[in-house]
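A.B. asks: The listed protein sequences correspond, in order, to chains A and B.
Just so we're aligned, residue 1 is where the first sequence starts under my numbering, counting upward by one.
Just so we're aligned, residue 1 is where the second sequence starts under my numbering, counting upward by one.
Calculated from the structure, these hints are not laboratory results.
Backbone N, C-alpha and C define an ideal beta-carbon position, used for all residues, glycine too.
A few of these clues could be false.
[Said to hold, decoys possible] If you want the ones that stay clear, here's a sample from chain A, every Cβ over 12 Å from chain B, calculated: (1) Ala-34; (2) Leu-39; (3) Ile-40; (4) Gly-53; (5) Phe-59; (6) Ile-97; (7) Leu-157; (8) Leu-162; (9) Leu-177; (10) Ile-221; (11) Gly-243.
[Stated by the list, open to error] In silico contact screen, one side only, chain A against chain B (beta carbon under 10 Å); selected entries: (12) Asp-200; (13) Ala-206; (14) Tyr-208; (15) Tyr-211; (16) Gln-216.
Now for the letters of each chain:
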Amino acid sequence: MATAEEVAKAAERRDIRGRWLLSAPALLVILLAATGPLLIVLVYSFLTPGPYGDVKWQFSLDAWTSVFLERDIFDDTLSIAAAHVTIFWRSIKLAIITTIATLALGFPTAYFMATRSEKTRDLWLFLITIPFWTNLLIRTFAVLQIIRNEGIINTILLKLGLITAPIQILYTDTAILLGMAYVYLPLMVLPIYASMEKLDFRLVEAGYDLYATRFQVLRRIIFPLVRPGVIAGSILVFIPALGAYVTPIVLGGGKNLMLSNLIELQFGQGRNWPLGSALSISVMIIVMVALLAYVRNAGSSGVRHG
Amino acid sequence: MPDKPGRNAIEVANVSKIFGSGEGQVAALDTVSVSIRENEFFTLLGPSGCGKTTLLRLIAGFDFPTHGEILLYGQDIAPLPPFKRPVNTVFQSYALFPHMTVADNIGFGLEMLGKPKAEIKARVAEMLKLVKMEALAGRRTSQISGGQQQRVALARALAPQPKVLLLDEPLSALDFKLRKDMQIELKRLQHETGITFIFVTHDQEEALTMSDRIAVMSAGKILQVGSPWDIYDKPAERFVADFIGETNFLTAAISGIGNGKARATLKSGSTIEATVAEGFQPKDNATVVVRPEHAKLTKDKGELSGTVDNIVYFGTDTHIHLRLDSGEAFTVRQQNTRSAGCGFERGDKVGIVIGNDAAQVLRD
Numbered sequence: 001m002a003t004a005e006e007v008a009k010a011a012e013r014r015d016i017r018g019r020w021l022l023s024a025p026a027l028l029v030i031l032l033a034a035t036g037p038l039l040i041v042l043v044y045s046f047l048t049p050g051p052y053g054d055v056k057w058q059f060s061l062d063a064w065t066s067v068f069l070e071r072d073i074f075d076d077t078l079s080i081a082a083a084h085v086t087i088f089w090r091s092i093k094l095a096i097i098t099t100i101a102t103l104a105l106g107f108p109t110a111y112f113m114a115t116r117s118e119k120t121r122d123l124w125l126f127l128i129t130i131p132f133w134t135n136l137l138i139r140t141f142a143v144l145q146i147i148r149n150e151g152i153i154n155t156i157l158l159k160l161g162l163i164t165a166p167i168q169i170l171y172t173d174t175a176i177l178l179g180m181a182y183v184y185l186p187l188m189v190l191p192i193y194a195s196m197e198k199l200d201f202r203l204v205e206a207g208y209d210l211y212a213t214r215f216q217v218l219r220r221i222i223f224p225l226v227r228p229g230v231i232a233g234s235i236l237v238f239i240p241a242l243g244a245y246v247t248p249i250v251l252g253g254g255k256n257l258m259l260s261n262l263i264e265l266q267f268g269q270g271r272n273w274p275l276g277s278a279l280s281i282s283v284m285i286i287v288m289v290a291l292l293a294y295v296r297n298a299g300s301s302g303v304r305h306g
Numbered sequence: 001m002p003d004k005p006g007r008n009a010i011e012v013a014n015v016s017k018i019f020g021s022g023e024g025q026v027a028a029l030d031t032v033s034v035s036i037r038e039n040e041f042f043t044l045l046g047p048s049g050c051g052k053t054t055l056l057r058l059i060a061g062f063d064f065p066t067h068g069e070i071l072l073y074g075q076d077i078a079p080l081p082p083f084k085r086p087v088n089t090v091f092q093s094y095a096l097f098p099h100m101t102v103a104d105n106i107g108f109g110l111e112m113l114g115k116p117k118a119e120i121k122a123r124v125a126e127m128l129k130l131v132k133m134e135a136l137a138g139r140r141t142s143q144i145s146g147g148q149q150q151r152v153a154l155a156r157a158l159a160p161q162p163k164v165l166l167l168d169e170p171l172s173a174l175d176f177k178l179r180k181d182m183q184i185e186l187k188r189l190q191h192e193t194g195i196t197f198i199f200v201t202h203d204q205e206e207a208l209t210m211s212d213r214i215a216v217m218s219a220g221k222i223l224q225v226g227s228p229w230d231i232y233d234k235p236a237e238r239f240v241a242d243f244i245g246e247t248n249f250l251t252a253a254i255s256g257i258g259n260g261k262a263r264a265t266l267k268s269g270s271t272i273e274a275t276v277a278e279g280f281q282p283k284d285n286a287t288v289v290v291r292p293e294h295a296k297l298t299k300d301k302g303e304l305s306g307t308v309d310n311i312v313y314f315g316t317d318t319h320i321h322l323r324l325d326s327g328e329a330f331t332v333r334q335q336n337t338r339s340a341g342c343g344f345e346r347g348d349k350v351g352i353v354i355g356n357d358a359a360q361v362l363r364d
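Make the full structure from the sequences, and use the hints.
C.D. replies: Structure follows, in C-alpha cells:
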C-alpha cells in the first residue's frame with residue numbers, strides 16, 4: 001500500500017504534468033512564432049548572399065565581418081566600417097536620449113497622476129492611453145503637421161510677430177527626438193504610474209516629519225520605491241527606440257540612416273540578406289547587454305519586493 | 001491624581017480646520033483651544049471623525065489650520081512645513097521605510113538634520129537599546145513583526161529628540177496582549193525620555209490608564225480637558241459621561257448651587273448631594289449621572305427604588321440591570337465575593353443607595 005507521502009508525490013507529479021499539458025499550446029506558439037524566425041535569421045547570417053536577394057546555402061563569415069569591418073576593393077585589407085559604426089552610435093544615442101527625455105517628462109506626469117483623487121486618476125490614465133488608439137504612422141504625421149514650416153507652431157509664432165521666418169524644426173534631430181518622446185511617453189508613464197500608485201504616501205509624510213526637504217523625500221523615499229517602474233519604463237522605451245523606423249524617416253527626412261533603415265536596406269535594395277541578419281542579431285546583442293548592465297546597476301540598491 | 005504644574009509645550013489657540021469649499025464644506029475642527037504642558041502624557045480621546053487626528057496633523061504640519069494659532073513654546077508654528085518643526089510623529093500604520101533597514105529607519109531623521117555620522121551611529125545604538133531592538137538592527141522592516149515595527153517607529157520618532165512626540169493611534173493594529181505590553185512600554189519611554197507625548201486614541205480604557213490629562217473630543221470640539229479621574233468621575237457633558245465607561249442618566253431638579261456642589265432632587269422624591277459640572281447654567285431640570293459601581297443595592301429603602309430586570313455575571317463583578325419606579329433604566333455594578341450569587345434575583349423589588357459623593361450634575 002502506498003504511504004501518504006508517496007500518494008502526495010504522485011499527485012504532485014500529475015499536477016506538474018497537467019501544467020505542462022495545459023501550457024503546451026502557448027509554448028508551441030512562442031517556439032514557432034518567436035524562437036523559430038530568430039533561428040532562421042541566425043542561420044542566414046552565416047550564409048552567402050544570392051544575386052537577387054535570398055541566400056545561397058554556402059557557409060560564410062563575410063556577413064559578420066562586414067558588420068563593423070569593410071574590405072578594401074583594391075587590396076582586400078580590412079578596416080573599420082566607419083559608416084556602420086556611425087549608424088550604430090546614432091541609433092544608440094537616439095535611444096538613450098529618448099529614454100532620458102521620456103523619463104524626465106514621464107516621472108513628474110506619473111507623480112501628478114498618482115496624487116490625483118481616484119476618480120480623476122482614471123481620467124488621466126485614459127488620456128495617456130488615447131494616442132495608442134491611432135496608428136503610429138498617423139501619429140507621426142500629426143507631429144509633422146505641427147512642426148513643419150507651415151505648421152501650427154510656426155504659423156502662430158509668425159502671426160504673433162515673434163519670428164520673421166519659420167523655424168526649421170522638421171528634418172532635424174530635434175524633430176526626431178520630439179516625435180520619439182511623444183510616441184514613447186505612454187510606455188514610460190504607465191509602468192512608473194503603476195509603481196507610484198502603489199506607493200504609500202504616508203511614507204512621504206513620514207519623510208517630511210523626519211526633517212527631509214521635498215527634494216530629499218523625492219530622492220530618498222519616492223524614487224527608490226518606484227525604481228521598479230522606472231526600470232520597466234526605461235526598458236519599454238529603450239528597446240523600440242533603438243529599432244525606431246518610421247519616426248526617423250518621416251520626421252528626420254531619412255537624411256541620416258538609423259539601424260532599422262540600414263537593416264531594411266540590406267533586405268531590399270542591398271540584396272544582402274546575410275548582412276541584414278547579422279546586423280539584426282547584433283542589435284539584439286546590444287539590447288541584451290545594455291539591459292543586463294542597466295538592471296544590475298539600477299536594481300542593486302532597489303527594493304526587493306517580498 | 002493632581003495635575004502636574006509646568007510650562008506649556010503646545011498651545012492651540014482658536015484653531016479651526018475647514019475641509020472642502022462651498023456646499024461641501026466640513027469643519028473638522030471648530031475653534032479649538034487647548035494647552036499641553038511640558039513633559040505630560042496628553043491624550044486626545046474621541047470617536048472616529050471627531051477631529052482628533054486632524055488636530056494632531058495640524059501640530060505635525062501635514063495640514064494647516066484655516067484659522068487660529070499653534071504655539072510651540074510660545075512660537076507660532078502653524079505656517080511652518082513639517083520638516084521645520086521639532087516635532088515627530090508615530091504613525092498609525094507606522095509608515096516605516098520598506099527600502100531601509102531598521103537602523104537606517106531610526107537614523108533617517110538625524111541624517112536629514114545633517115548630524116555627523118558618528119553621532120548618528122551612537123544615537124541609533126542608544127535608541128535600539130531603548131526599545132530593545134539591538135538584535136534586529138540590520139533587518140529590513142518587512143522582516144519584523146507588528147510589535148517590533150511599532151518599536152522601530154517609536155525609536156525613529158524619538159531619535160531626533162523632538163520637543164513633542166505625536167502618536168496617532170499607534171497601538172490600534174496590535175493584538176490585545178501586545179497592546180497591554182506596549183501601553184506600559186510607552187509610559188516607560190515617556191518617563192525615561194521626558195518628552196511631551198500627545199497621544200490620539202478612540203479607546204477610552206487606553207486613555208484612562210496611560211494619560212496625565214485627557215481631552216475628550218466630539219464633532220470638531222473639545223468638550224472637556226482633565227485628569228483621567230476628572231473625566232471619569234466628573235464628566236461635564238452627556239457625551240463625555242456616555243463615551244467613557246458606563247453610566248446611569250437620571251433627571252433631577254437642582255437647587256442650592258454653591259462651591260461646586262448642589263442638591264439634586266430625583267424623580268423618586270429623594271434628594272442627594274452632587275458635584276456640579278463647570279459652566280452649569282441653573283435650569284429646572286438637569287441630568288445627573290451616577291456610575292454603576294458608585295451605587296449600592298439594598299433590600300431596604302434607598303434614594304431610588306425599582307425592580308431587578310436582568311443579572312449579568314462578569315467574573316470580577318456582576319451587572320444588575322434595574323427598571324426604576326419612574327420608568328428609567330438603571331444599572332448597578334457589584335463586586336463579586338466567593339459566596340454564590342449576588343444576593344438578588346430577577347423580579348426583586350429593591351432599593352438603590354446613592355452616596356453623597358456619587359452623583360455629578362451635567363451642564364447640558
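A.B. asks: Output the numbers, in ascending order, of every earlier hint that fails for this structure.
C.D. replies: 10
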